[in-house]
Structures are given as C-alpha cells and as structure tokens.
Amino acid sequence: MSKIPLQFRHNGRDVAIFVDGGTNLLVALRELIGDMTPKFGCGQGGCGTCSVLIDGELHLSCLTLAETVAGRSIETLDGMKQGPNLHPLQRAFADHFAAQCGYCTPGMLMAAKALLDRNPSPSRDEVIEAISGNICRCTGYEPIINAILAAASGRVSA
Amino acid sequence: MAVTVKTFASASEAAGALSSDRTARYLGGGTLVMRALNEGDVAISTVVRAQDQALTRIDASGPRITLGAGVTFARILAERDLAFLHAPARSIGGPAVRNMGTVGGNLFAPSPYGDFTVALLALDATVAVAGGFGSRDTPIEEFLQARERQAGTLVLSVSCTRPASSEAFRYRKIARIKPKGGSVITLAAHLPVSGGRIAGARIALGSMAPTQIRARAAERALEGRSLDAATIAAAASAATEGTSPSDNALGSAWYRREIVGVHLRRLLSGQD
Chain A
1 MSKIPLQFRH NGRDVAIFVD GGTNLLVALR ELIGDMTPKF GCGQGGCGTC SVLIDGELHL
61 SCLTLAETVA GRSIETLDGM KQGPNLHPLQ RAFADHFAAQ CGYCTPGMLM AAKALLDRNP
121 SPSRDEVIEA ISGNICRCTG YEPIINAILA AASGRVSA
Chain B
1 MAVTVKTFAS ASEAAGALSS DRTARYLGGG TLVMRALNEG DVAISTVVRA QDQALTRIDA
61 SGPRITLGAG VTFARILAER DLAFLHAPAR SIGGPAVRNM GTVGGNLFAP SPYGDFTVAL
121 LALDATVAVA GGFGSRDTPI EEFLQARERQ AGTLVLSVSC TRPASSEAFR YRKIARIKPK
181 GGSVITLAAH LPVSGGRIAG ARIALGSMAP TQIRARAAER ALEGRSLDAA TIAAAASAAT
241 EGTSPSDNAL GSAWYRREIV GVHLRRLLSG QD
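Chains A and B, in that order, give the protein sequences.
For the first sequence, position 106 (counting from the first letter as 1) is numbered 106 according to this note's numbering, and the numbering increases by one without interruption.
For the second sequence, position 14 (counting from the first letter as 1) is numbered 14 according to this note's numbering, and the numbering increases by one without interruption.
Please note that a few of the clues may not be correct.
What the hints assert, rightly or not - Okay, the calculated beta carbon distance ranges per label pair: (1) B:Ser165 / A:Gly102: 21 to 31 Å; (2) B:Glu223 / A:Ser73: 29 to 39 Å; (3) A:Asn119 / B:Ala229: 41 to 51 Å; (4) A:Ser121 / B:Ser166: 23 to 33 Å.
Think of the hints as simulated: they come from the structure by calculation, not from any bench.
Positions of the beta carbon are idealized from the N, C-alpha and C atoms, including for glycine.
Taking the hints into account, I'd like the entire structure generated from these sequences.
Given below as structure tokens:
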C-alpha cells in the first residue's frame, strides 16, 4: 500500500508527512509529528481527549481522516503556551485544581479555547455546553468549569 | 489495516465508486466510518469521499427546505431559518461531534444514535440518493426500512416541508447524561392543525426498534381530533404498538416500553 503525502499547518508551522490510507489525524500528530499533547482515549468520539482545532473549529482528531486536513491549520495544546508563559486557560486550570490525572486536560483546554475564541465572556451554561463532549473522571467538572470562567474574566494569577 | 481512500470531485463519481465496491464506505463527517476503522472493522477496505459543493448546500429560504448530505449540525444551528431543527441538532453529541457529524451520516447512525433522523422522519422528509443515472427521491420511511442494504448508495440531500408553526413540530430526547448522551428514547411529532383538528399527524420514535420508526397507532389516535387530554391519553397508551426496543447500557427494552407513553404524553401536552 503506497503512502500518501500530506501537508498542513501544525501550530503555525508547515509540516509534511507521509500517511497510510485510513490513518486518523491523532495517529498522524502523535506518531508522525511527535506532538503527544492530543491523547488517545476511546477512539469512538465519546471522550474528547483527542480534541484539536481545525481552522479554529473543535474536532475530534481520532475520527478525522488525516488526509482531509491537507492545507488546513491544526492547533493542539502544544501550541497553546505563549513562549515560556502558560496560556491564561492553562494558568487557570492550575490555579483551580482543574487537572487531577490530567488525561482529559488537553481536550478540555482545546474545547475551552474553541469557546473563548468565539465567545470571550461565556455564561456558566455555555461553558458546560462547550465541554459537554469531554469526559473527566476525576474532578466532577466543577473545578474545570470554574477555571474556564476565571480565565474568561481575567481572574488568573500571573 | 490500511485502507484505500478514493477522493472524487463530484458526488456522481463517488456514487459510482461506492456502488461498484462492496467493501467501500462513504466518509462524511467521520463519526461512523472512522470509528469503525479505529475499531478494526475489516469489512471496510475502501473509503470514498467527494469534495462536491452541492453536498454541503443549505436551501432554507422557501417553504420546502433542502439540506445537503454533508451539512453538519453546527451549520444547522448557525442558520436562523432552520430554527425548527435546532432542538434535534443541539441534542447530538458535544460541540466537536456537531462540527463533524452530518445530516446524511445520521441516516445511517444505529441506535442509540440517529436522533436527527427521528426529527426528519416525523417531518416526512425525502431522501435524494444517487442512482445509476442521476438522482432519485425516496421517502425517508422507505429509506430507513431498507437501511441495511443502503451501504452502497450515496445520499445527496434531504428535504422536508417547513412546519406551519413552532407548535406544530415538537422534539424530545431522553438521555441519562445532560447535555450530552446517547438516547434512551427520542421522540418527534409533527401535528399540522386544520380547523382546530389534527390532520396528517406524524409521530417518530428513536431507540424503540432497530431503526427509527413511526408510531402509527399513536398517529391514528390523534388524527382528526383536537389535541385535548383525552386524545393525548389515547395516543400515549398506543405508543408501544409496533415497537421492538432492545436492551442496552442506557436502558432495557422493558424500561423503554414502560416510559415511551409517558414521554409522548409530555411531548404532546407541551410539558418540559
């Protein structure tokens, strides 16, 4: 089976790889590009931990055929930090104990970023809706919701 | 296992590739086909795609609306003219799934999924599928009855008539997890009223049979009557007729039969 050449933007940088037919974007990111921030959870679209932004829109990378992102722009958690500084959302997650085991965190942060990029001051219900496709088995969600609301209102430690 | 991906510029070429290969599946939003590939489904060895603009077109200006098969639920939610379809679109997945999942794919989503199709069935939609020469229109009920044999056909679009009022079309999804979760039961009702009486009632149920079905006995109980307490009670008690739900992690068949009438009564009487 021949490999398919694929080029896209990954966190603002052009990348070019060869993928097998049927490879999903999560495998392409983790195994071919070495970006380990999107996680493999269920492989079925049920958990949300593989969430990435494709042209600014929240998508599940495990259910995205890699070659469909040719020429498009992919953002992952790896591109979120600003130089040596954490992104305000990351800072808020740390301040509010929004991560315990941390496995859901990459997906939660991308879902939160997708929300705040469009709606900088969301209501609590809008936050709940925005992370409704992401499962967390540790926190009971409240610290995550509070962290996103804190990041939105600028209540984040330096 | 690697699969062969075939990408076509037009839907008709994709339809040809799909019909000539038993192991081919059409890739829409990926939420069904990629999931099957991730699970190692060896029955799929070819994935067919089409980059045809016609598949993502929305025509919502007139009394009859048409949604391209590749229209996502997020796009329906962004369309003010499609407000009557916002409740079913919003009831599906989280934001990422709504950005990916499509109207056409939902027609193939097995129970406990396929909620949007329940709404389309109550609205008596027409499914346009690509045939040997051009496209042909199939009533959605006929399409669903033959769904097992439809893997080789390409859905082009779905169309339905806009309900006369927001009262005339109602939708309710019963899920254990809110705001996101698989369906215990999904109900939709189209209740056109003429001279104070219901004329052409359509009740559709999801997760009450292997595919989405119409509750014909409940429809008969409503037909020609006004929507009063006695009529609603008669429809609710007829709700289980013709159903064959199954057990799954979200609910048993027994439980679904027990509660479907309760939820139909609430839907018809406008309760939350």
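Results for each hint:
A hinted range of 21 to 31 Å is violated for the C-beta pair Ser165 (chain B) and Gly102 (chain A), which are about 50 Å apart. Checked against the given bound of 29 to 39 Å, the beta carbons of Glu223 (chain B) and Ser73 (chain A), roughly 54 Å apart, lie outside it. Separation of Asn119 (chain A) from Ala229 (chain B) is about 42 Å and conforms to the stated range, judged on CB atoms against 41 to 51 Å. One distance hint, 23 to 33 Å for the beta-carbon pair Ser121 (chain A) and Ser166 (chain B), holds here, with the actual separation near 29 Å.
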